[in-house]
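Given the structure of chain A, go ahead and fit chain B onto it with the hints provided.
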Amino acid sequence: MIAETRVILRRGEDDLPLCREAAQKAAAAAGFEGQVLGDIVCAVFEACVNAVTHGRSGQAATLRIRVYEDRLEAVVKDSGRGLDTPPGGPLPPPTVPHGRGIPLMRAFMDEVKLDDSNGLQVTLVKYRT
Amino acid sequence: MDEETTLDVKNVDNEVTITATGALDLHNSKAFHDALLEAAQSADGVVVDFRSVVYIDTAVLAHLCAASNKMLARDKRIKLLLRDHTHPLRTIQITGFAAVLDAVVDDPGTDQ
Chain A
0 MIAETRVILR RGEDDLPLCR EAAQKAAAAA GFEGQVLGDI VCAVFEACVN AVTHGRSGQA
60 ATLRIRVYED RLEAVVKDSG RGLDTPPGGP LPPPTVPHGR GIPLMRAFMD EVKLDDSNGL
120 QVTLVKYRT
Chain B
0 MDEETTLDVK NVDNEVTITA TGALDLHNSK AFHDALLEAA QSADGVVVDF RSVVYIDTAV
60 LAHLCAASNK MLARDKRIKL LLRDHTHPLR TIQITGFAAV LDAVVDDPGT DQ
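Read top to bottom, the protein sequences are chains A and B. Take 0 as the starting number for the first sequence in numbering that gives the first Met the number 0 and just add one per residue. Take 0 as the starting number for the second sequence in numbering that gives the first Met the number 0 and just add one per residue.
Restricting the straight-line Cα-Cα distance to at most 30 Å, the calculated cross-link-like pairs of lysine-lysine (DSS-like) are:
| id | chain 1 | residue 1 | chain 2 | residue 2 |
| --- | --- | --- | --- | --- |
| 1 | B | Lys69 | B | Lys9 |
| 2 | B | Lys29 | A | Lys24 |
| 3 | B | Lys29 | A | Lys76 |
| 4 | B | Lys78 | B | Lys9 |
| 5 | B | Lys69 | B | Lys29 |
| 6 | B | Lys75 | B | Lys9 |
These are computed hints drawn from the structure, not numbers from a lab. All values reported here derive from a predicted model rather than from experimental measurement.
In isolation and in its complexed conformation, chain A is listed as follows (with noise of 0.2 Å):
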């Protein structure tokens, strides 16, 4: 492992310009460009989005992105209920409201994990190329 960086969000919705600004960080600093950057700090904003909307209430969500010699890892920990509906539905339509998170994350790394055993895990990784 090359790098780590660690956010708490104790304070919920209101640290996700964090979450942005670490990945965004992480990312240039491991060598990601352009679009592909742009994918990596979106996704890993989604999956923050996700943990404090979902997560439990007083229980701080957290993420850990780790960069290493072929990939950047990131992953989103929080103790909510877990996945509502199954994870592996494509994109809604645009007519539809809510559900893109998860096929957005997928869309836009190279690898998306997900664990509801305690909480739920979002692990993003994307290849160097």
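Then chain B, alone, in the frame of chain A:
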């Protein structure tokens, strides 16, 4: 560091233009939501200018969806201005929103 987020709403002869800058998301998009939904209810035309927006999230997409549905029910469509090679354009393209609103893409060198 997040670029400063600003919002400007102009109404000229019931044609509403909502211009945002910076990163627009769940945390800071309530004013955008309120202005957009109000305009979608009754304006003759609605233009959303995202050419200076660097990121949008699914909360903003939900706002666009809700407003677009209101406009479509009145046989109207939102006009969404985007800058080429920006992430909001990429997000709009991936999510298929061009099917329900009129996305207009500027080159980065085009004057507003």
